[in-house]
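Given next are the chains, with one letter for each unit.
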Amino acid sequence: MTLALIAMLPFLGALLPGLTLRAGRGVCASVAAAFTGLALLLLGLQAPAVLRGEVVQSRFDWLPQIGLSANFMLDGLGLLFAGLILGIGLLIILYARFYLLASDPFGRFLTFLMLFQGAMVGIVLSDNILLLLVFWELTSLSSFLLIGFWGHLAEGRQGARMALAVTGCGGLAMIAGLLILGQIAGSYDLSVILTQGEAIRASDWYLPALVLILLGCFAKSAQFPFHFWLPHAMAAPTPVSAYLHSATMVKAGIFLMARLWPVLAGTPEWFWTVTTAGLVTLLIGAKTALFKDDLKAILAYSTVSHLGLITMLLGLGTKAAATVAVFHIFNHATFKAALFMAAGIVDHAAHTRDIRRLGGLRHLMPITATIVAIAALSMAGIPPLNGFLSKEMMLEEVVHTPYLTPWLLAALVTVASMTSVAYCFRLIAHGFLGPARHDYPHHPHDPGFGMWAAPALLAALVVLIGLMPMTFAGWLVDAAAGAVTGQPVSVKITHWHGLTVAIGLSVVAVAGGALALRLHAPIRRMWEAVPKPDGKATFDALTNELTALARRLTTFGHNGSLSSAIAIGVATIIALGAYAFATGTHSAGTRIATPMNPVALAVWAAVMLATLATLALHRQRLLSLVLVGVIGLLISLGFVWLSAPDLALTQITVEVVTIVLMLLALNFLPKTTPRESSQARRLRDAVIAGAAGIGTAALAYAMMMRDFSFPTISAFHLAQSKPGAGGTNAVNTIIVDFRGYDTFGEIIVLGIAALLIYALVESLLSPGPANDRLLAWRPDQPRAGDRHPMMLVVATRLMLPLAMMVGVYLYLRGHNLPGGGFVAGLVFSIALVMQYMASGYGWTAARLRVDYHALIGLGVLVAAATGIGAWLVGLPFLTSGYDYVDIWPLEEFELATAALFDLGVFLTVLGAVMLALASLSRLSVRAGQTVNTRAYDIEPDGEAK
Amino acid sequence: MEPLIAATIGLLTTAGIYLMLRARTFPVILGLTFLSYAVNIFIFVSGRLAVNLPAIIDKAATGYTDPLPQALVLTAIVISFGMTAVLVLMSLGAWLTTGHDRVDLEDSQ
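So the protein lines, in turn, are chains B and Y. Here the first sequence is numbered in the numbering used here, starting from 1 and rising by one per residue. Here the second sequence is numbered in the numbering used here, starting from 1 and rising by one per residue.
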């Protein structure tokens with residue numbers, strides 16, 4: 001339970017910045033920090049057990065059918081990583097509080113940061129690899145938001161896109177790889193997979209799984225050839241860079257390699273792939289860092305280089321090398337986070353990060369200079385700092401590892417160390433040493449305590465681990481390395497291993513590095529003379545090519561014309577149907593045809609005639625609208641005959657409101673459609689439409705003449721309608737009970753459609769071309785002299801209570817007899833629309849003071865409340881209940897919660913239909929329709945108005 | 001009766017698609033209405049035809065029609081009203097904003 005809570009806390013914390021932002025940045029940051037701190041505390045409470053060698057687990061079944069469970073586990077490796085993520089996360093929140101400008105949206109930043117933090121914690125605590133994949137993708141998405149936080153900067157957007165594309169593609173490969181791994185091991189739980197190492201390495205699928213998983217890890221951890229995205233992600237605000245590139249994002253790939261080390265490592269494939277990728281990344285990163293001038297770029301490439309180093313150590317496949325890798329992960333996180341934060345401080349103070357414009361900052365920013373000096377010397381591997389310790393152990397390992405030749409690995413690593421020393425020294429020498437200058441873009445000085453507290457704490461940690469490694473890190477390294485290697489580890493970290501080859505190489509590296517810095521200018525000129533492949537250019541060319549291809553494909557099938565899109569779509573469906581028909585087998589149906597009936601035959605003939613007439617006369621819009629109305633009414637007659645009274649009621653009422661709506665629209669639209677299409681085009685359309693009609697008719701006929709190929713669930717609904725849902729109208733019980741969830745969604749859609757119409761009208765009525773046209777609108781047809789005839793007014797007034805009575809009746813009986821909320825809502829709407837028609841919009845709106853928006857909302861709320869009510873008695877959402885009550889003097893009657901739900905349906909339908917029609921009427925008012933204040937045009941007492 | 005119903009569905013589909021392929025908004029909306037009729041009837045008859053067998057539970061009933069397609073079609077009818085209304089408003093907005101009611105902006109007739 002605790003583990004799930006630790007993973008959940010950052011996500012919960014992500015919700016709060018938006019709510020607390022108004023209380024000020026301090027409160028906002030404190031709340032986020034409180035959640036991170038609480039998670040860290042809970043983690044700390046688990047630590048003693050983990051350090052004893054136990055594995056803490058918590059398991060929840062989520063989708064056991066596909067092996068996806070919310071299983072979490074915490075061992076030494078998880079403890080190390082979760083500690084880093086939460087601990088440094090806490091410092092980053094503090095730092096960001098003071099770093100971000102007043103104009104930056106701080107609440108949004110914290111929300112993204114907490115989301116990212118939660119995703120990272122999720123990765124390192126997941127026991128189930130499917131769960132891990134979910135968190136993995138979440139880190140890609142949330143880091144995209146963080147890197148692109150300054151969306152107004154082009155580099156920010158490009159960097160974010162590149163990071164998402166590279167890590168996202170890697171993630172896809174990773175999904176495939178982990179699925180294969182799970183299949184081999186027979187379980188998606190890491191705790192099981194980790195015990196199956198032998199079987200996995202012996203499997204035929206080992207190599208594909210390895211390659212795919214490594215692709216994901218390399219892309220995430222910026223290993224060659226995917227290293228190019230990381231420096232471009234530096235466009236992010238510095239707190240993000242410090243977080244993503246010290247302890248989190250880029251360490252995720254490293255984490256997974258370490259996590260799966262017992263299963264995947266130890267084979268030649270692993271050794272050559274991982275070691276080589278790490279080595280190449282180490283060299284490229286170190287070399288590039290030496291020639292960069294932007295402080296953050298130097299740090300970015302040094303991160304690439306150090307990630308390469310850790311990857312290489314994991315690639316070696318020995319227990320000792322893995323132990324060093326774990327130790328270096330810890331050390332790198334401490335000094336690199338401190339350096340990034342310090343770079344941000346310099347940027348803030350001097351308004352530049354270009355090392356060529358800096359120098360002499362030691363005098364102006366002594367605190368920052370001290371922090372940078374400690375962290376950079378540690379990165380260079382100078383004793384007694386922690387970077388020295390892990391570098392010595394690393395050199396010790398590579399000296400004893402043959403790679404092509406016995407000494408090649410050691411030689412290359414020494415060259416990389418030398419370069420590393422050079423850029424670290426350069427950071428200090430060119431940035432902080434020397435005389436103070438007078439031409440900084442802004443006169444720098446140390447920031448307030450809040451800003452340097454976090455990097456200073458990390459720098460202190462660098463020194464403490466350096467001085468007393470066994471006290472401050474030994475136990476954690478033991479636990480984490482034990483988890484990585486699957487065997488107990490008892491590491492001994494000391495400063496002096498005697499006069500070994502490693503210490504010799506170290507001395508060479510430092511001396512060589514100092515020399516390289518001395519000769520920096522000439523070396524740089526040499527380097528700049530050589531042409532180099534540019535990862536970004538390649539990436540851009542590739543993505544541009546892909547985008548162009550996608551665009552060509554899209555425009556091939558979809559050129560922006562609706563008619564041709566529909567034509568292509570329908571023709572494709574016809575072709576596929578014809579192919580299926582031509583290649584399949586078929587036989588005549590077995591059902592006996594329903595006997596003909598003369599009345600039905602007459603109705604059928606009328607429908608066919610009206611349809612053909614519409615096709616012939618569709619250019620006369622009013623006439624075709626009348627014909628559509630006729631067809632709708634005839635279809636509802638068909639429903640009556642075919643035992644569907646509910647459908648008949650719905651069809652007839654919907655038909656009325658649809659026609660009214662279309663008539664209102666036609667008032668503005670042209671009354672005729674011009675003959676524009678060529679003869680050939682009309683012929684083509686007729687062929688397509690005719691073929692579609694023949695195909696549909698054949699399909700419908702074939703279906704109707706056959707029995708069900710397997711029993712339908714309708715029998716269940718019929719059988720349960722009365723005992724289960726308490727109603728005898730099976731159609732209604734399905735709508736409000738069995739499939740209440742569907743209905744709930746449907747009324748929400750209907751409500752949204754009505755609100756959309758309202759919004760559309762609102763935008764048409766705001767100043768613009770549409771509004772101008774409305775104001776200048778002149779009726780294109782003669783108006784009736786008596787627009788509100790007395791006969792109509794009197795008739796609709798009389799009908800209003802009657803129609804409402806019918807509506808209430810239909811609603812009440814709906815559960816047992818044809819009717820229900822849908823129909824009742826429509827009947828009510830018609831009764832009200834009649835008032836609008838008879839007496840005009842102005843008169844009716846003044847008397848019908850109902851807010852249709854509120855009606856829609858109320859309806860959805862009533863339906864939702866009915867559904868939630870089931871929770872109160874411990875049943876799932878929307879479970880209905882009913883009972884029979886006996887209240888004198890009434891007879892016994894039934895009360896069902898489904899009726900309450902149906903009330904929600906009724907209210908939403910009424911609100912939605914009325915809002916749609918009333919919105920249209922507002923257009924007429926704007927177009928100069930007189931707003932009448934009286935019910936009639938001609939008063940009954942004989943006086944004209 | 002089945003061949004007649006099938007023919008109705010076919011003709012309604014033909015009318016719907018032919019009208020949807022026209023170049024002006026109003027016939028396209030009418031076409032969509034026709035297609036909705038056709039689809040609704042198609043789904044409805046997937047429960048097979050039944051005469052005088054309503055889906056009302058009754059001890060004296062000799063049989064029932066299939067209630068499930070009816071429930072699905074009932075909500076579909078109401079939703080298609082909502083959809084038609086949105087489309088009508090969109091076409092009206094396009095007409096008022098641009099001064100023409102062509103479906104395709106660059107018509108290549």
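Hints listed in this document are in silico derivations from the structure and should not be mistaken for laboratory results. The model shown is predicted, which means the values in this text are computed figures rather than measured ones. Treat the hints with care, as some may be off.
[To be verified] Reference listing, derived: stretches of chain Y covered by chain B, where coverage requires no fewer than 3 residues with Cβ under 8 Å from a Cβ of chain B:
{"no.": "1", "segment": "2 to 15"}
{"no.": "2", "segment": "19 to 26"}
{"no.": "3", "segment": "31 to 37"}
{"no.": "4", "segment": "43 to 55"}
{"no.": "5", "segment": "65 to 76"}
{"no.": "6", "segment": "88 to 98"}
Note that CB positions come from ideal geometry on N, CA and C, so glycine has one too.
Hints and how they fare:
{"no.": "1", "hint": "2 to 15", "verdict": "holds (count 14)"}
{"no.": "2", "hint": "19 to 26", "verdict": "holds (count 8)"}
{"no.": "3", "hint": "31 to 37", "verdict": "holds (count 3)"}
{"no.": "4", "hint": "43 to 55", "verdict": "holds (count 12)"}
{"no.": "5", "hint": "65 to 76", "verdict": "holds (count 9)"}
{"no.": "6", "hint": "88 to 98", "verdict": "holds (count 10)"}
Going through the hint list in order, the structure satisfies each hint without exception.
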